[in-house]
Amino acid sequence: MSRGIAINTAVLALCLAVPVYAHFAGEPFLLTLATRAVILALAAVGLNIALGHGGLISLGHAAFFGIGGYAMGILASHAQTFTPIADWPLLIEGTKSMPVIWLVAMVTSGLAALVIGALSLRTSGVYFIMITLAFGQMLYYFAISWPAYGGEDGLSIYVRNGFPGLNTLVPMQFFALTATVLAAAMALAHVLGRSAFGLALNAARQAPARVEAVGVRPFRLRLTAFVISGMITGLAGALFADLNRFVSPTMFSWQLSGEIMVIVILGGVGRLFGPLAGAALLVTLEHVLGGVSDYWQVYLGALLLGVVLFARGGIIGTLAGRDVAHG
Amino acid sequence: MLLLIEQVLNGLQFGVMLFLMAAGLTLVFGVMGLINLAHGSLYMIGAFAAAAVAGATGSFLLALAASLAAAAAAGALIEVAVIRRLYDRDHLDQVLATFALILIFSEGTRWAFGSFPLYLDIPAWLSGPVSLPGGIEYSRYRLAIIGVGLAVALGLYLLITRTRLGIRIRAGEADREMIAALGIDISRLYTLVFALGAALAGLAGAMVGAIQSVQVGMGEPVLILAFVVIVIGGIGSVKGALVGAILVGLTDTLGGYLLPIAFGQVMEASSATAIGSALASMLIYILMAVVLILRPTGLYGARA
Amino acid sequence: MAEPVLQVQGITRAFGALVASDNVSLDLREGEIHALIGPNGAGKSTLIALISGALAPDAGQIRFNGRDVTALDTVARARLGLGRSFQISAVVPEFTVLQNVVLAAQGAAGHSYRLFRPALKDRSATSSARAQIARVGLEARAAIPAADLAHGERRRLELAMALALKPKAFLLDEPMAGLGADGTAQMTTLLETLKAEAPILLVEHDMDAVFRLADRISVLDYGRIIATGSVEEIRQDPEVRRAYLGADA
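Protein sequence lines correspond, in order, to chains P, S and D.
Numbering-wise (numbering that gives the first Met the number 0), the first sequence opens with residue 0 and increments by one.
Numbering-wise (numbering that gives the first Met the number 0), the second sequence opens with residue 0 and increments by one.
Numbering-wise (numbering that gives the first Met the number 0), the third sequence opens with residue 0 and increments by one.
Treat the hints with caution; some may be incorrect.
[What the hints assert, rightly or not] Computed Cβ-Cβ distance ranges for the label pairs, DEER-style:
id	chain 1	residue 1	chain 2	residue 2	range
1	P	124	D	116	25 to 35 Å
2	P	308	S	130	37 to 47 Å
3	D	207	S	163	33 to 43 Å
4	S	211	D	112	43 to 53 Å
5	P	179	D	112	39 to 49 Å
6	D	115	P	291	43 to 53 Å
7	D	116	P	99	51 to 61 Å
8	P	11	S	183	35 to 45 Å
9	S	64	P	158	54 to 64 Å
10	P	124	D	55	18 to 28 Å
11	P	99	D	120	33 to 43 Å
12	P	157	D	115	33 to 43 Å
13	S	3	P	147	28 to 38 Å
14	P	124	D	67	46 to 56 Å
To be clear, the hints were calculated from the coordinates, so they are not data collected in a lab.
A virtual CB, placed ideally from N, CA and C, is assigned to each residue, including glycine.
Taking the hints into account, I'd like the entire structure generated from these sequences.
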């Protein structure tokens with residue numbers, strides 16, 4: 000595992016070096032890219048809990064990403080127009096405060112994950128993949144056809160939301176904030192993976208009959224993991240919306256679900272640093288190849304095909320050689 | 000009332016088109032155990048091939064033939080080059096590899112044809128309305144789609160129950176080793192089944208391409224609806240795909256038509272339209288959820 | 000006399016026209032090993048699945064530890080104290096021996112939803128797990144992934160996991176399967192000490208082991224119990240000889 004640790008350290012160092020360079024070289028665009036990578040990594044940390052530890056191939060995590068995004072969009076748009084969200088049965092006002100927005104984003108995406116998970120986890124295998132994909136699409140169409148919050152056009156937020164003690168309009172400060180959130184989420188994922196719950200969840204992925212025989216329900220373990228996973232991805236959605244100061248139905252799109260999954264796979268399923276490595280690689284590719292060709296996704300497709308067919312452990316797995324993931 | 004019947008026919012047409020997509024997916028899953036996200040790309044390829052050939056020759060029938068041929072060829076090609084390496088892999092690998100194929104096909108098509116939509120015209124001999132009994136006027140072309148779809152359904156039924164190929168397909172579903180033991184060339188069978196499913200998707204793309212525009216990304220929304228169809232009908236069952244497709248087609252079309260009217264009875268028109276259509280957009284997924292609660296393996300799926 | 004720990008009363012289960020369990024009744028009493036034998040296809044696997052809760056019966060009742068558990072599923076029966084091993088080893092392949100047994104111990108202790116404390120720092124679970132690993136003689140292999148164990152070691156790990164549940168009865172499905180002569184001898188010794196802790200319903204093909212271990216034997220044929228009795232009685236029973244031993248001897 001020491002080689003794995005060395006690679007994790009290298010990934011981390013690289014991911015910190017870029018924003019520091021961007022800051023001192025005065026390249027705010029690079030900092031925006033780094034922030035984007037960090038937020039996508041956060042979404043992937045969420046998915047990795049369900050996928051890596053629980054073996055749940057959710058192709059609908061954009062649902063939670065989008066709900067987090069709209070939680071931010073709805074709260075902030077009411078705050079910027081000074082109109083209450085509801086005045087009956089009790090008065091609910093909008094807000095521009097990130098901690099409140101994050102809480103709402105996590106609670107709503109967690110509730111959605113509870114409903115979608117409870118339905119989807121009645122099945123397994125291919126059914127589960129197709130059903131999560133379908134529920135994601137349902138929210139996509141709902142967001143398009145619900146006119147109150149911009150429908151297909153989405154919602155713009157004019158000023159980035161605030162965080163106590165920080166000036167989030169300064170790119171470096173917003174980057175540091177998202178990076179801190181990511182670090183906290185990775186720490187949580189690490190602790191969960193080693194906990195009694197993590198042990199039981201990993202066992203349920205490999206030998207569900209055995210888990211039942213020791214008196215634990217795989218369904219409940221998986222649902223718990225799915226809800227935690229959805230909450231983290233929802234939080235990432237709220238941050239993503241804040242980065243762009245814009246939300247639209249594309250945050251619910253199946254492509255986004257695919258992208259989050261690709262990040263997890265490129266980095267290496269079940270690996271703590273996998274999402275970070277995968278997101279950094281994807282954003283870099285997007286930027287570099289996107290500069291070379293308008294059709295850069297052809298190359299992304301070819302790369303992904305190569306990883307799936309020939310390098311099954313993702314970047315970290317391939318570099319670290321054969322060592323045990325899910326550690 | 001006449002409008003309602005027209006909507007029922009529209010729903011039927013939509014359902015039949017979904018069936019063409021779902022049939023290939025469910026066959027490929029039933030026989031090879033593979034989930035193929037790139038099935039929507041084959042639909043798109045069929046539509047583009049038809050639009051290109053119709054543009055060059057002016058013949059709609061040639062265009063349809065081209066859609067079948069192009070999609071079948073593309074299907075056979077990816078089966079040989081990529082898909083057959085995935086049969087023994089887990090579903091995650093299948094999802095990712097076929098997701099990668101979507102990226103390659105979508106961007107490749109954008110590169111070849113540009114980002115602007117193409118249009119495929121309905122030929123003169125199929126355009127205009129046709130009079131049905133009861134004084135109903137209905138699009139001749141849409142009626143033709145319903146006819147073609149039902150004919151394909153019948154053809155598939157005969158193929159699976161009456162022909163040697165069908166026997167092999169059913170044997171392959173039951174047991175891969177058995178079919179190999181019977182001395183049947185299993186990799187050729189797989190390529191054939193995959194190309195057949197691809198051709199059906201391509202045909203659907205071409206026929207719909209004449210009603211809507213032909214553009215990159217047209218396949219995936221239909222693919223996801225086809226997944227809903229399969230979840231409702233049961234994986235691997237062609238009969239389930241037909242019943243599920245008709246159910247989804249009717250639910251979606253009639254929901255979009257009736258819900259705003261229903262809400263209009265109790266609230267003012269503009270918000271009735273808004274709430275009605277937002278709810279209608281979720282209706283088929285709610286249908287799917289209900290089926291999941293009642294029968295987790297679908298209407299015609301094998302029970303666990 | 001106290002009520003038996005496990006009571007199966009008139010259990011029937013059919014698959015289409017095939018009646019795999021036909022009005023089966025048997026019981027398991029404190030302190031005994033009750034062996035269940037029968038030719039292949041006699042319905043042993045179905046009966047195990049019915050008793051463990053993996054299958055629901057068409058008719059009949061199962062009582063465990065004084066309660067009717069017929070309507071309960073596998074998980075609920077495991078929680079009540081029915082510890083089982085599997086015919087084909089169902090240990091968690093990527094986990095070490097210790098992790099596997101901790102999984103069972105924390106399951107029994109109801110700790111499986113502790114989200115934050117590391118599993119291997121759960122003192123009560125790990126110390127109980129280590130004790131069971133020692134009992135089956137796998138101390139030296141505690142850090143080895145289950146996938147790398149030899150077949151016989153995996154059978155012992157199965158047993159350690161069942162032990163860690165601290166069950167009120169054991170349901171052991173062919174624990175000797177695939178073991179060599181040495182392994183079978185070790186397992187036999189182990190099971191003899193085990194029955195003092197909790198009674199064992201033992202499904203086993205190895206007749207020597209069954210005759211050595213069992214206090215009572217029930218013979219299953221075509222889904223029905225054709226005889227129940229002591230080792231001697233079963234040896235002498237003409238119907239058993241005809242249906243089962245006759246084919247073997």
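The hints, checked one at a time:
1. P:124 to D:116: 25 to 35 Å: Taking Cβ atoms as reference, residue 124 of chain P and residue 116 of chain D lie about 32 Å apart, which means the hint holds.
2. P:308 to S:130: 37 to 47 Å: 56 Å, violated
3. D:207 to S:163: 33 to 43 Å: With Cβ atoms ~53 Å apart, the hint is violated.
4. S:211 to D:112: 43 to 53 Å: For residue 211 of chain S and residue 112 of chain D the Cβ distance comes to about 50 Å; the hint holds.
5. P:179 to D:112: 39 to 49 Å: Given range 39 to 49 Å: violated, Cβ gap about 28 Å.
6. D:115 to P:291: 43 to 53 Å: Once the Cβ atoms are compared, 46 Å apart, the range 43 to 53 Å for residue 291 of chain P and residue 115 of chain D holds.
7. D:116 to P:99: 51 to 61 Å: Check failed, 30 Å falls outside 51 to 61 Å.
8. P:11 to S:183: 35 to 45 Å: 54 Å, violated
9. S:64 to P:158: 54 to 64 Å: Given a distance of about 58 Å, which is inside 54 to 64 Å, the answer is holds.
10. P:124 to D:55: 18 to 28 Å: 23 Å, holds
11. P:99 to D:120: 33 to 43 Å: 35 Å, holds
12. P:157 to D:115: 33 to 43 Å: 40 Å, holds
13. S:3 to P:147: 28 to 38 Å: Hint holds: Cβ distance 29 Å, inside 28 to 38 Å.
14. P:124 to D:67: 46 to 56 Å: 34 Å, violated
When each numbered hint is compared with the structure, violations occur for hints 2, 3, 5, 7, 8, 14.
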